[in-house]
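In order, the protein sequence lines correspond to chains A and B.
With our numbering applied, the first sequence corresponds to residues 1 to 339, in that order.
With our numbering applied, the second sequence corresponds to residues 1001 to 1251, in that order.
Quick caveat, the hints were computed from the structure, so don't treat them as lab data.
Beta carbons: idealized from backbone N, C-alpha and C, even for Gly.
As a list, the in silico DSSO-like pairs of lysine-lysine whose alpha-carbon atoms are at most 30 Å apart:
(1) B:K1089 <-> A:K319
(2) B:K1194 <-> B:K1163
(3) B:K1089 <-> A:K128
(4) A:K319 <-> B:K1136
(5) B:K1185 <-> B:K1213
Output of the computed footprint for chain B on chain A, the stretches with three or more beta carbons under 8 Å from beta carbons of chain B:
(6) 20 to 28
(7) 215 to 222
Residues of chain B placed beyond 10 Å of chain A at every Cβ, according to the derived structure:
(8) D1023
(9) P1025
(10) L1051
(11) L1130
(12) G1132
(13) K1136
(14) W1180
(15) M1182
(16) W1190
(17) E1191
(18) H1202
(19) N1234
(20) I1238
Chain residues, written in single-letter form:
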Amino acid sequence: MTELEAGRAETLAPVRGSAALHRYRDVLIALIAFAVLASLPLFTGSKALLDFVIRCSAYGLFASSLNLLVGYTGLTSFGHGMFFGLGAYSFGLIMQKLGLPIPVAFVATLVITAIIAAVIGAICVRLKEIYFAFVTLAFQMLIHSTILSWASFTGGDQGLRGGIPRPAFFGINLANHVHLYIASCALLILGLLAMRQIAQSPFGYTLRMIRDNAARASFLGIDVWRAKLTVFVLAALFASMGGMVMALFVSGAYPEFAYWTISGEAIFINMLGGVSTFLGPMVGTVLLLLLNDTVTRFTEYHGIVLGVVILFFALGLRKGLLDFVTEWFSHRRDAGEGR
Amino acid sequence: MLEIRNLAKSFGGVKATNDVTLDFPDGSLTAVIGPNGAGKSTFFNLITGALRPDSGQVLLDGVDLAGRSPPEIVRHGIGRAFQVASIFKSLTVQETMLAAVSADQRSSAVLHKRFPLPETRDRAEHVMELLGLAGKRNRTAATLSHGDQKLLDIALALVLEPKVLLLDEPTAGMGPEERWRMIDKVRELWETQKITVVFIEHDMDIVFKIAPKIVVLCYGRILATGTPDEIRNNNAVIEAYLGTEHAGAAA
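Go ahead and model the full structure; you've got the sequences and the hints to work with.
Structure (structure tokens):
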């Protein structure tokens, strides 16, 4: 080995190790987070708290999946909520009409979502910025009106009533509140871990390149259209997972799950938490749900209060909360090194 | 060998590229010059697939690439850098290089492994060293100086190990000293990498000094091709180009 080769080997080894190390670190963080969440019922009997975490799981999966599009790929979808609604309805209908085991219905819903997302995505991802945003919104409204008008199948504006059957599987009984809670947490953590892997994979960096400069990416041999379609479908799958958690939680599905406001909420969440970090949308989810719950308790004009908060983040900080915190820390670290 | 055969492209009634036929032998270094609007950038855009030619052929080692998409053409071995540095502003220099190698090794859609892939490292490292960017590997591209951004753009093209490298004004927007540093770099790359290099340049001093072969474009047509001496003494060129606005530069 020449001196040059030796030098290079030295610089290579740590990087090779660190990629693997980062993955183990993420898994470790996920395990700890799951352990903390899963042990919560041991310390508190508060049903409200557990309910809050379940709702955070549903919305967190949904909002984080939108961040794959907005934050990582630069695709601002105004209709991402359609896949949340689609997940809730597909899962609810499969359980009500076919009575399949829950894991089978879960996978079947993901397959249905993937197919529909591939068709819608194939049409949408060719479009640029504002056109993409509005055509996704149009598809959302299409799905919403289909749900409303196909009343014999979907229950129309009443939603899927009569509850979703939740037969036990592998000793897990989702009709039991604590079981449902643990299952939601598990889905959240697994979903986040999978999305984190996507974001940190070579494909994740392809997405970043497309966000920064799609034309240049194509001059590197990247098929931009295919990459955008792939992430569109992947993000839809996680949104659909969020919808299923929601359907299990409320034991039903309602047209509001597929209405455009649900997409709006996901965008709000991303603005609140920030899109430059992976966990930004998760922080945003907790913030928005906390705000929602507390503000509605004090005033019926909660829309005004939420609007002011959004304006504060958008105009005041010009970024999400987690963006702000990470920037503050890196400034402090730089200042510390400078001394 | 890159052979251009009867390449043509019109925008409305304007013939931006008009029946251009040229050969670029393997390992050659060629400068493309011409007054503003001569169709130099259009010529590059036609070769690289950014524009679809109306007619004609772009043959690389006998394979016709005319009208194919940019990713396809890149994969056949024609890389390019841009007049305005075209980079990924939020990625670091190192990430940019690693991601580009991933794209070239067709692993840019890999989901189950972590970035960066170990097999991309050597090539990325090599090109960063080659262009003197290794010391700035952890800098975000947006924070680089103008000159370094142009180098990064060239590095992006080079890291794909192209057979032909097209450089659209590598010295655009640079001061006199920086220009010479950049062009020395280009010449060094050409000498060490043994690739075919074609570059567009406005500075006549630079062109006449370093390019063994020059192509003069004017109104989409080839006005002249030849060595610097032949070009300097070509009456048509003097008439159309050097004799008028660039008299000072030619003197």
